[in-house]
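A.B. asks: With the hints as constraints, model all of the structure from the sequences given.
Taken in sequence, the protein lines are chains A and B. Residues 1 to 206 (UniProt numbering) are what the first sequence spells out, left to right. Residues 1 to 206 (UniProt numbering) are what the second sequence spells out, left to right.
Worth double-checking, as some hints may not be accurate.
[Claimed, not checked] For each label pair, taking beta carbons as the anchor points, the in silico distance ranges come out as:
#, chain 1, residue 1, chain 2, residue 2, range
1, A, 77, B, 32, 33 to 41 Å
2, A, 179, B, 46, 42 to 50 Å
3, A, 95, B, 150, 39 to 47 Å
4, B, 86, A, 144, 31 to 39 Å
5, A, 69, B, 150, 38 to 46 Å
6, B, 65, A, 150, 37 to 45 Å
7, B, 46, A, 19, 22 to 30 Å
8, B, 120, A, 37, 18 to 26 Å
9, A, 98, B, 23, 33 to 41 Å
10, B, 86, A, 179, 22 to 30 Å
11, A, 179, B, 65, 28 to 36 Å
[To be verified] Sample of chain B residues at the chain A side, in silico, Cβ under 8 Å:
#, residue
12, 56
13, 118
14, 168
15, 172
16, 173
Note that these hints are calculated values from the structure, not bench results. The model shown is predicted, which means the values in this text are computed figures rather than measured ones. Cβ atoms here follow ideal geometry from the backbone N, Cα and C, with glycine treated the same way.
2 protein chains.
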Amino acid sequence: MAARTTPAGTSVARERLLATASALFYREGIHSVGVDRIVGEAGVTRATFYRHFPSKEDLVEAYLGVEDANIRAAFDAAEATGAPPRELVGLVIDGLAEDVARHHTRGCPFINAAAEYPDADSGVRRAVAAHREWFRSELEHVLDAADAPDPRLAAAELVLVRDAAMVGGYLDGWERVRPAFVASAHRATGLPLPLASADAVSSRDG
Amino acid sequence: MAARTTPAGTSVARERLLATASALFYREGIHSVGVDRIVGEAGVTRATFYRHFPSKEDLVEAYLGVEDANIRAAFDAAEATGAPPRELVGLVIDGLAEDVARHHTRGCPFINAAAEYPDADSGVRRAVAAHREWFRSELEHVLDAADAPDPRLAAAELVLVRDAAMVGGYLDGWERVRPAFVASAHRATGLPLPLASADAVSSRDG
DNA sequence: TGAGAGGTAGAACGATCGTTCTATCTTGTT
DNA sequence: AACAAGATAGAACGATCGTTCTACCTCTCA
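C.D. replies: Next up, the structure:
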């Protein structure tokens, strides 16, 4: 066999394509962004594109994979703080709020993608479903460890509230949504609100 | 002047176009549905299309106008029952749940449209913003009449929860989302839960 | 050093996008 | 019956869609 100029499955061209496409897909929607735009802004040619991705849809799935990995990493980081379970719930909620406020100002990448892919059997929708199921069960796990009264219902409610926060943050502005999000999220856990967090809810934070 | 074969601004062709496009836009997304599809399924030709709508985007805005009118009509119907304010809140929540369960199984038309129109100044996004603002203030009005403790916050929370219910109903299935929606919605009002409604939450309903 | 394979370049494919064209038909008024 | 004007028909526009083509370049290993 022959030369491997980069580790298997990666290359600078692939990285640039994925990073460029991720930004464009998120900001402008998927069907609105053509392959010409992507290869143009990534500084590569169409042939290079199709050497790394069998089709545009594979690139879309890779984009969702990046988003999925980012969120998993954020959870891992929160858990790595070693905070006690009850505190971890607060960290997670704060982290979700921070994420919506700073990074996901154009809504949820998965919800937005699903809006453009009506076929539930498509690869994109499968990726969306898999991500959402992981997210829900991860929340349930965190809530269960914190002795929440009904972790399953609370996790489902948190998913709801977080979905809404991303949508509302995009369409109505985060500053208008933040109070409702914080109030709903903490109440959804079914856990008593720690004083420090209660203070954060009403006055400081950003 | 000359013949007016139909009332100003309407015609059977226009009605068919709007009805057909509304169904297609909602089910399959906006950019995914071409003018060919629309005129084909509506049984008219392109020239007819462009005689009634200056461009495809005008048709999209008309589609959102229909959705907006439908929801306003539902509110009017609920208010026309003459139910006392406190009961009206329950009627509205039940109505929203019913709507998600039966009619809006592919998510929220406005949220989905916004996912495809990143430009906040576009006509589509303006229509989305106008609808959302009306919806929020309508909820606030209903909650205020029912003596909710904080109508403004409660309305914002209800919008959040309803957004999430539509998204979640689409992506996760309504039966999985319903309990979380009902619980979150009633708690968001800040009002005590009437016994009859509490019963409905835990057992009956559909 | 040259063989060989993966990466890159840029033109070009057919299909479909939203839009516009001219010609024909329908309809109420004169 | 003749006319004016809106509605309809169907071909056709240029632009862009996702995809594929052949030629060239740039490496590692024999």
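A.B. asks: All hints, please: hold or fail.
C.D. replies: Here is how each hint holds up against the structure:
{"no.": "1", "hint": "77(A) with 32(B): 33 to 41 Å", "verdict": "holds (37 Å)"}
{"no.": "2", "hint": "179(A) with 46(B): 42 to 50 Å", "verdict": "holds (49 Å)"}
{"no.": "3", "hint": "95(A) with 150(B): 39 to 47 Å", "verdict": "violated (26 Å)"}
{"no.": "4", "hint": "86(B) with 144(A): 31 to 39 Å", "verdict": "holds (36 Å)"}
{"no.": "5", "hint": "69(A) with 150(B): 38 to 46 Å", "verdict": "holds (39 Å)"}
{"no.": "6", "hint": "65(B) with 150(A): 37 to 45 Å", "verdict": "holds (41 Å)"}
{"no.": "7", "hint": "46(B) with 19(A): 22 to 30 Å", "verdict": "violated (40 Å)"}
{"no.": "8", "hint": "120(B) with 37(A): 18 to 26 Å", "verdict": "holds (20 Å)"}
{"no.": "9", "hint": "98(A) with 23(B): 33 to 41 Å", "verdict": "holds (40 Å)"}
{"no.": "10", "hint": "86(B) with 179(A): 22 to 30 Å", "verdict": "holds (24 Å)"}
{"no.": "11", "hint": "179(A) with 65(B): 28 to 36 Å", "verdict": "holds (31 Å)"}
{"no.": "12", "hint": "56", "verdict": "violated (14 Å)"}
{"no.": "13", "hint": "118", "verdict": "holds (5 Å)"}
{"no.": "14", "hint": "168", "verdict": "holds (6 Å)"}
{"no.": "15", "hint": "172", "verdict": "holds (6 Å)"}
{"no.": "16", "hint": "173", "verdict": "violated (10 Å)"}
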